[in-house]
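Trainee: Here is what each chain is made of, one letter per residue.
2 protein chains.
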Amino acid sequence: MSRVWNFSAGPAAMPQAVLERAQRELLDWNGSGASVMEQSHRGKRFIDMAAQAEADLRTLLAIPADYAVLFLQGGATQQFAQIPMNLAAEGDCADYIVSGHWSEKAVSEAAPYVRVNVAASGRADDYLRLPPRDGWRLDARAAYVHYTPNETIHGVEFHDIPEVGAVPLVADMSSNILSGPLDISRFGLIYAGAQKNIGPSGLVVMIVRRDLLQRAGRPMARIFRYAEQAANDSMLNTPNTWGWYLAGLTFQWLLAQGGLTAMAEHNRAKADLLYRTIDGSGGYYRNPIELSARSRMNVPFTLHDKALDVVFLEESEAAGLLALKGHKALGGMRASLYNAVPLDAVQALAAFMRDFAQRHG
Amino acid sequence: MSRVWNFSAGPAAMPQAVLERAQRELLDWNGSGASVMEQSHRGKRFIDMAAQAEADLRTLLAIPADYAVLFLQGGATQQFAQIPMNLAAEGDCADYIVSGHWSEKAVSEAAPYVRVNVAASGRADDYLRLPPRDGWRLDARAAYVHYTPNETIHGVEFHDIPEVGAVPLVADMSSNILSGPLDISRFGLIYAGAQKNIGPSGLVVMIVRRDLLQRAGRPMARIFRYAEQAANDSMLNTPNTWGWYLAGLTFQWLLAQGGLTAMAEHNRAKADLLYRTIDGSGGYYRNPIELSARSRMNVPFTLHDKALDVVFLEESEAAGLLALKGHKALGGMRASLYNAVPLDAVQALAAFMRDFAQRHG
Chain A
1 MSRVWNFSAG
11 PAAMPQAVLE
21 RAQRELLDWN
31 GSGASVMEQS
41 HRGKRFIDMA
51 AQAEADLRTL
61 LAIPADYAVL
71 FLQGGATQQF
81 AQIPMNLAAE
91 GDCADYIVSG
101 HWSEKAVSEA
111 APYVRVNVAA
121 SGRADDYLRL
131 PPRDGWRLDA
141 RAAYVHYTPN
151 ETIHGVEFHD
161 IPEVGAVPLV
171 ADMSSNILSG
181 PLDISRFGLI
191 YAGAQKNIGP
201 SGLVVMIVRR
211 DLLQRAGRPM
221 ARIFRYAEQA
231 ANDSMLNTPN
241 TWGWYLAGLT
251 FQWLLAQGGL
261 TAMAEHNRAK
271 ADLLYRTIDG
281 SGGYYRNPIE
291 LSARSRMNVP
301 FTLHDKALDV
311 VFLEESEAAG
321 LLALKGHKAL
331 GGMRASLYNA
341 VPLDAVQALA
351 AFMRDFAQRH
361 G
Chain B
1 MSRVWNFSAG
11 PAAMPQAVLE
21 RAQRELLDWN
31 GSGASVMEQS
41 HRGKRFIDMA
51 AQAEADLRTL
61 LAIPADYAVL
71 FLQGGATQQF
81 AQIPMNLAAE
91 GDCADYIVSG
101 HWSEKAVSEA
111 APYVRVNVAA
121 SGRADDYLRL
131 PPRDGWRLDA
141 RAAYVHYTPN
151 ETIHGVEFHD
161 IPEVGAVPLV
171 ADMSSNILSG
181 PLDISRFGLI
191 YAGAQKNIGP
201 SGLVVMIVRR
211 DLLQRAGRPM
221 ARIFRYAEQA
231 ANDSMLNTPN
241 TWGWYLAGLT
251 FQWLLAQGGL
261 TAMAEHNRAK
271 ADLLYRTIDG
281 SGGYYRNPIE
291 LSARSRMNVP
301 FTLHDKALDV
311 VFLEESEAAG
321 LLALKGHKAL
331 GGMRASLYNA
341 VPLDAVQALA
351 AFMRDFAQRH
361 G
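As you go down the protein sequences, you meet chains A and B in turn.
The letter at position 71 of the first sequence is residue 71 when you use the UniProt record's numbering, and the numbering goes up by one with no holes.
The letter at position 174 of the second sequence is residue 174 when you use the UniProt record's numbering, and the numbering goes up by one with no holes.
None of these hints come from the bench; they were simulated from the model.
All of these numbers come straight from a predicted model, not from anything done at the bench.
There could be a bad hint or two in this list.
As the list claims (entries may be wrong) - Capping the alpha-carbon separation at 25 angstroms, the derived lysine to aspartate or glutamate pairs in DMTMM-like fashion look like this: (1) Lys105/A <-> Glu228/B; (2) Lys44/A <-> Asp309/B; (3) Lys328/B <-> Asp139/A.
Stated by the list, open to error - Just a few of them, taken from the derived set where beta-carbon distance is under 7 angstroms, the chain B residues facing chain A: (4) Asn6; (5) Pro11; (6) Met14; (7) Gln23; (8) Gly33; (9) Ser40; (10) Gly75; (11) Thr77; (12) Gln78; (13) Ala81; (14) Gly202; (15) Met235; (16) Asn237; (17) Thr238; (18) Asn240; (19) Thr241.
Idealized CB from N, CA, C, for every residue including glycine.
Can you build the whole structure from these sequences, using the hints too?
Mentor: Written out as structure tokens, the structure reads:
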């Protein structure tokens, strides 16, 4: 069949132009006569590509020189554990802001390595809004403050960077990195699983202030130490070379689109259209999130009649609208609108939703 | 340019047929209208593919039912640390057989988590032969015995599985897994980075006896626990979906080649040809490894005159013979002859080597 409109929460849609280029050069990359997957990561061709990918990411996000960029493995979930291993010494505490499923996970994976202080939680509100900043009980002695700027499952997003004083701010940006400009200097460490806004799964991109690499952390193997990865240009061992390559192509694509200011407008237009469609449906569709906390990336919504869920999913898939099923924790529907999802896709979805409501009204 | 003969030690050559199929379906996989990289790992299409890949690997290696198969991330190097984290409790010791660079690394990454007993080492012999089995000082109370059946850099290989009694035998098979049939029941745990004989980098395949999953190990995050990954079909978090897919295609390709008995003959023929070429060169080329320990997968060799190294590398690359430069630890040359390297490639290399020796004699 032809390409569909893909609303998957992740692994998610990638830019068509990136996939086409990867396809063209799959067997013969960069004039080498071999696939990029068949190249030694120690070879000049690969090292040049890897360095260019980092340089392009630095351009896109205006990353200051005192921040290192790492290309790691294991998903954001492994970083939930590695962050306290690296940033917290025995006996340290760390503040966690819990705003949904993924920040809950971050807490549970960190717990073996640091005394977790849940400084604020939206759980009592069913994560329908963000825990208000003035209620956060931060500890000035915390090793860091961790939060999740966008919650992929619950569809809540911080639209400002919280002020937390001198304690380093750590952010799991898996589902909204590169969705718009960002003031990196406000953060101690940013990390993101690649499979939403960067590339294929199996790659993690991390941006970390270099002074934090000096922290002793816990006793552990070299392979888990961010400082060792930074000192070895993320090649302490063989990296995910294919993921790194596709991330690099995606960064080039973003630059060609006009960079992150253009992406922010693009993402705002898509989200506005979908929320307008939901809110203008007279209650046929519903998104329950507080307006100021609605995510631009992940839009969960329910139908007024749950019995229609199956029909909606069948008909939407038949109409070439893929992966609209909501996460099992919430049910209903979810449309993810990452960078690579074009406005055309959201227009097709909105038209389908209006038509569906009329036919099954 | 056209495809070259690729002797890279890893990431290494992949089967041409596998690459061609991946290229064909890169934008539209399995009739989904999206790339395999754009599929949710929780979707039926991906889960079916993942299960088939495991079933094909079980067929290839005749893996008994009491062994779990895991598809992990982080490279073999991360497993150097995770193995003691999972298999050894506080205060336990583990035996390590050191036969080259990679078993040295396994020791140093394990050291934070287990009392390492180096039960035997070939270091005093410059790793030119394997430490003789009758000199191993194994500890019957060890949590496990770790060894490296094939040393990628030094080019030494165990051609039999060592007898170690009741203590579980753990093997880093990154560079020789699937090179021939294997009696899995002799092992407690086998692991392999994919980037040599399985697929692209960023994926680790593990085969582990289920009773070992019951060991408490060290306190750690769930993401590091093999038992959790086994209970979740290696999808505790998002796996490397592209790597898993290509591993599956490679397993299908191996079955189509006649399975591992056929691969063993194929690999033996390639290695024999190259060693004959070296040994028959009247000292022009030299491989210093004891005959009984020579690797079928990685053949390091030197030229009689070091000054010719640069010329050899330039001329071989111009002749379409890629990545023959030896590891920096040893210098000289190295040809890696994994499953995907065809006999034609080794014939071309042998012809080039004879011709080079004549011209620069």
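Trainee: So, for every hint listed, does it hold in this structure?
Mentor: To see whether the hints hold, each was checked on the structure:
no., hint, result
1, Lys105/A <-> Glu228/B, "holds (14 angstroms)"
2, Lys44/A <-> Asp309/B, "holds (18 angstroms)"
3, Lys328/B <-> Asp139/A, "violated (49 angstroms)"
4, Asn6, "holds (5 angstroms)"
5, Pro11, "holds (6 angstroms)"
6, Met14, "holds (6 angstroms)"
7, Gln23, "holds (4 angstroms)"
8, Gly33, "holds (4 angstroms)"
9, Ser40, "holds (5 angstroms)"
10, Gly75, "holds (4 angstroms)"
11, Thr77, "holds (4 angstroms)"
12, Gln78, "holds (5 angstroms)"
13, Ala81, "holds (4 angstroms)"
14, Gly202, "holds (3 angstroms)"
15, Met235, "violated (11 angstroms)"
16, Asn237, "holds (4 angstroms)"
17, Thr238, "holds (5 angstroms)"
18, Asn240, "holds (3 angstroms)"
19, Thr241, "holds (5 angstroms)"
The structure does not agree with the numbered hints 3, 15 stated previously, though it agrees with the rest.
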